[in-house]
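Novice: This is what each chain is made of:
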Amino acid sequence: MSVPDLSVEDLDKRFADHVAVDQLSFAVERGSFFSILGPSGCGKTTLLRMIAGFTVPDGGDIRIGGRSMRDVAPNRRPVNMVFQHLALFPMMSVGENVSFGLARRGVKKAERQRRATAMLERVGLAGALHKRVDELSGGQRQRVAIARSLVLEPTLLLLDEPLGALDLKLREHMKIELKQLQAAFGTTFVYITHDQSEALVLSDHVAVMNRGRFEQIGSPQQLYYEPASAFVASFVGANNRIQGRAVSVDADLVELATAQGWTIRARRHGAVAAGDAVAAFVRPEVASLELEAGRLGEPMARYAGEVQSVLFDGANSAVLLVEQQSRFEFRVALPQTGRLSDLKVGARVYFGFDPQRAICYAAAAAPGDAHV
Amino acid sequence: MSESGARVLWQRRLLLAVLLTPALLWLLVLIILPHIDLALLSFRERIAPRVYAPSLTQYRTFFAEPLYWRVFVRTAVLSALATALTLLVAFPVAWIIAKVARDRASSLLFVVCLIPFWVSETVRALGWLILLRESGVLPALLVRLGITAVPVELLYHDATILVGLVYTSLLFMVVPLVSSLQSLDNSLIEAAYNLGGNGWAILRRIIIPHAAPGITAGCIVVFMLTLGNYLTPNLLGGKNSQWFTELIYTQFIVRFNWEQGAAFGFLLLALSTGMVALGLRLSGQRFVDVMRRS
Numbered sequence: 001m002s003v004p005d006l007s008v009e010d011l012d013k014r015f016a017d018h019v020a021v022d023q024l025s026f027a028v029e030r031g032s033f034f035s036i037l038g039p040s041g042c043g044k045t046t047l048l049r050m051i052a053g054f055t056v057p058d059g060g061d062i063r064i065g066g067r068s069m070r071d072v073a074p075n076r077r078p079v080n081m082v083f084q085h086l087a088l089f090p091m092m093s094v095g096e097n098v099s100f101g102l103a104r105r106g107v108k109k110a111e112r113q114r115r116a117t118a119m120l121e122r123v124g125l126a127g128a129l130h131k132r133v134d135e136l137s138g139g140q141r142q143r144v145a146i147a148r149s150l151v152l153e154p155t156l157l158l159l160d161e162p163l164g165a166l167d168l169k170l171r172e173h174m175k176i177e178l179k180q181l182q183a184a185f186g187t188t189f190v191y192i193t194h195d196q197s198e199a200l201v202l203s204d205h206v207a208v209m210n211r212g213r214f215e216q217i218g219s220p221q222q223l224y225y226e227p228a229s230a231f232v233a234s235f236v237g238a239n240n241r242i243q244g245r246a247v248s249v250d251a252d253l254v255e256l257a258t259a260q261g262w263t264i265r266a267r268r269h270g271a272v273a274a275g276d277a278v279a280a281f282v283r284p285e286v287a288s289l290e291l292e293a294g295r296l297g298e299p300m301a302r303y304a305g306e307v308q309s310v311l312f313d314g315a316n317s318a319v320l321l322v323e324q325q326s327r328f329e330f331r332v333a334l335p336q337t338g339r340l341s342d343l344k345v346g347a348r349v350y351f352g353f354d355p356q357r358a359i360c361y362a363a364a365a366a367p368g369d370a371h372v
Numbered sequence: 373m374s375e376s377g378a379r380v381l382w383q384r385r386l387l388l389a390v391l392l393t394p395a396l397l398w399l400l401v402l403i404i405l406p407h408i409d410l411a412l413l414s415f416r417e418r419i420a421p422r423v424y425a426p427s428l429t430q431y432r433t434f435f436a437e438p439l440y441w442r443v444f445v446r447t448a449v450l451s452a453l454a455t456a457l458t459l460l461v462a463f464p465v466a467w468i469i470a471k472v473a474r475d476r477a478s479s480l481l482f483v484v485c486l487i488p489f490w491v492s493e494t495v496r497a498l499g500w501l502i503l504l505r506e507s508g509v510l511p512a513l514l515v516r517l518g519i520t521a522v523p524v525e526l527l528y529h530d531a532t533i534l535v536g537l538v539y540t541s542l543l544f545m546v547v548p549l550v551s552s553l554q555s556l557d558n559s560l561i562e563a564a565y566n567l568g569g570n571g572w573a574i575l576r577r578i579i580i581p582h583a584a585p586g587i588t589a590g591c592i593v594v595f596m597l598t599l600g601n602y603l604t605p606n607l608l609g610g611k612n613s614q615w616f617t618e619l620i621y622t623q624f625i626v627r628f629n630w631e632q633g634a635a636f637g638f639l640l641l642a643l644s645t646g647m648v649a650l651g652l653r654l655s656g657q658r659f660v661d662v663m664r665r666s
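One line per chain: the protein sequences are A and B, in this order.
Reading the first sequence from the start, the letters are residues 1 to 372 in the numbering used here.
Reading the second sequence from the start, the letters are residues 373 to 666 in the numbering used here.
So that you can see chain A by itself, here it is in the shape it has in the complex (with noise of 0.2 Å):
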């Protein structure tokens, strides 16, 4: 079993008025693409810089290659990180960019030309040794950004959230694109993120972080279908979260009644006691819908509905309806074979969902700090 290319062991971070990372542990295997996944403020900022040197714990370790960095300066570090804004050196050209490491190494000046060459050609921007940085555009600069670390062959490269000053169609594109130069290379990714698609679209592993902790570890797959806290299925994906109190608990189902009076079943997670207060998450596209009652499939519920608003996006497609007794708001996933599209608001609908694909978690003293 090789090393971990990243090990960190109960890091804590406090600063003078909240706890930035709480005891924080876990390991990053070589070659993967990890992605730190959380709203502003979870502390993936903090556990960035710790591990490129910038902020010093207030305990633990961080180990990279199995050596530890306790006392190693940003400099010395095996680490290698891509910054929000890029921070390319604008007094510098594409070239000297891309070789300023190299020559802080003592590379002679021919070999850094060579290698600075040969990785902007890998990055595929072949010819622009001599331009200058605010020549490129968004996405090339974004690779000079990449290619100035990788050509220093880091152990680990750290990405802070590298798409967020892109608009959206080159932020599609520079994903694909960043997950194939990570699988090109073979370089350790570590990418910090609020952006739940690009986690899931690029990670091998994504880690949800809240207040400090890691509320779930896992790929995306398991994140989206069985999601370990209510905080990850309500951050993670889109999700109708009904709130209320447990009825009856039926081996791992569990009863659930809103305070309007809805009442519907879903799957247990963790212990839940009839009478607890409870979250259920559905996914819009977990629920169907139909014009007539009959047409739902037996192991659902049947609930009527109203079309409150259409939200047409495409394959994302979606309808707000509110549930006729209770008025409450749900959002079901229009089919995308185009059948309902003609969906009026205010019509008449039934929709229901299999309650093994609603998952229901105990709810938390605050609410949005669920543990596992």
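Warning: the hint list may mix true and false statements.
Stated by the list, open to error - If you want the footprint, here are the derived chain B segments under chain A, 3+ residues with CB under 8 Å:
| hint | region |
| --- | --- |
| 1 | 550 to 560 |
| 2 | 577 to 591 |
To be verified - Residues on chain A that point at chain B, a partial pick, calculated with CB under 8 Å:
| hint | residue |
| --- | --- |
| 3 | 26 |
| 4 | 74 |
| 5 | 75 |
| 6 | 85 |
| 7 | 87 |
| 8 | 91 |
| 9 | 105 |
| 10 | 152 |
What the hints assert, rightly or not - Some chain A residues well away from chain B (every beta-carbon gap over 10 Å; in silico):
| hint | residue |
| --- | --- |
| 11 | 41 |
| 12 | 60 |
| 13 | 149 |
It should be emphasised that the hints constitute simulated quantities derived from the structure, not laboratory data.
Since the structure is predicted, the reported quantities are computational estimates derived from the model, not experimental observations.
Virtual Cβ for every residue (Gly too), placed ideally from N, Cα, C.
Here the structure of chain A is known, so what remains is to put chain B in place on it, guided by the hints.
Specialist: Quick look at chain B alone, frame taken from chain A:
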């Protein structure tokens, strides 16, 4: 163009002219006209009472008399040295104000740099006299500490002049440096550090190139102020100061030789212009860019 459009354009031009008039008048009456007069003065020679003839004698005298051009070169060299020293002293100060200190501390430090300028330059120079003269504070302290046996005269040395000039010029270097350092994105420094750079490499490759317009602007201002300074070299250097402005003063006021004084004035102007041009050439910058960016 429509009638009203032409009218609006005409009004705008009038407004611009009105707003620019004071500045243009100032330039014309106080700078251009006196210089034309001085230029005419410097190129003539008195051949009899109230009789003058065009001549290059004034400039010839300057080159013929070793005292004159030696003082000239000495002033240039010491001014350049004072500018360099001011830069060395001001850079860490500006760095702390721009990058290290937080909001309140940063403004406070700025005010501390400004405070000496609430006092007139004469009083500040006199303060140095009190500190440095033979019977002053510092020589007495040196005797008390056993470093010197008897009080030494710390005034009237070149070093004393330099100290005074650096002190007087500090603010004019700090201000452009602070503004150029403040615009430096901290993540550039972190990125350079992350790529393996040490402090020296970051200073040389990132910070100085970024601050170059500010450094150049500060150096130009300080060099011009130092070169044209009369009071500080005179008071702190005494008879030994040999500053070129004193020669000009002597020609105009003591010798009443306005022709010679005017020629000296023009030589000083040529010197400062030449040195600034040289500095810009060496640092590969353009005057307009430097003044715009800092």
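Novice: Quick check on residue 75 of chain A please, does its C-beta sit within 8 Å of some C-beta on chain B?
Specialist: 5 Å, holds
Novice: According to a criterion of three or more residues whose C-beta lies within less than 8 Å of a C-beta of chain A, is the region 550 to 560 of chain B covered?
Specialist: It holds: at least three residues are needed, and the region 550 to 560 of chain B offers 3 whose Cβ sits within less than 8 Å of chain A.
Novice: Can the hint on residue 105 of chain A be confirmed by a CB-to-CB distance to chain B that is less than 8 Å?
Specialist: 6 Å, holds
Novice: A closest beta-carbon separation below 8 Å is what the hint needs, so does residue 74 of chain A meet it against chain B?
Specialist: Because about 5 Å separates residue 74 of chain A from the closest Cβ in chain B, which is inside the 8 Å limit, the hint holds.
Novice: Holds or violated: residue 26 of chain A as interface residue toward chain B, Cβ cutoff 8 Å?
Specialist: Violated. Min distance 22 Å.
Novice: If you take the shortest Cβ to Cβ gap from residue 91 of chain A to chain B, is it below 8 Å?
Specialist: Hint holds; residue 91 of chain A Cβ to chain B Cβ min 4 Å, cut 8 Å.
Novice: Three residues minimum, CB to CB under 8 Å: does the region 577 to 591 of chain B make the cut for coverage by chain A? Let me know.
Specialist: holds (count 4)
Novice: Identify whether the interface hint at residue 87 of chain A stands, where standing means a beta carbon of chain B within less than 8 Å of its own.
Specialist: Interface hint status for residue 87 of chain A: holds (4 Å vs cutoff 8 Å).
Novice: Does residue 152 of chain A pass the interface hint, meaning its C-beta sits closer than 8 Å to a C-beta of chain B?
Specialist: Residue 152 of chain A check passes; min Cβ-Cβ to chain B is 7 Å, inside 8 Å.
Novice: Holds or violated: is the Cβ of residue 149 of chain A farther than 10 Å from all Cβ atoms of chain B?
Specialist: 7 Å, violated
Novice: Could you let me know if the closest chain B CB is still more than 10 Å away from the CB of residue 60 of chain A?
Specialist: Check passes; 21 Å lies beyond 10 Å.
Novice: When you look at the beta carbon of residue 41 of chain A, is every beta carbon of chain B farther off than 10 Å?
Specialist: 19 Å, holds
In summary, the structure is inconsistent with hints 3, 13 from the numbered list given earlier, while agreeing with the others.
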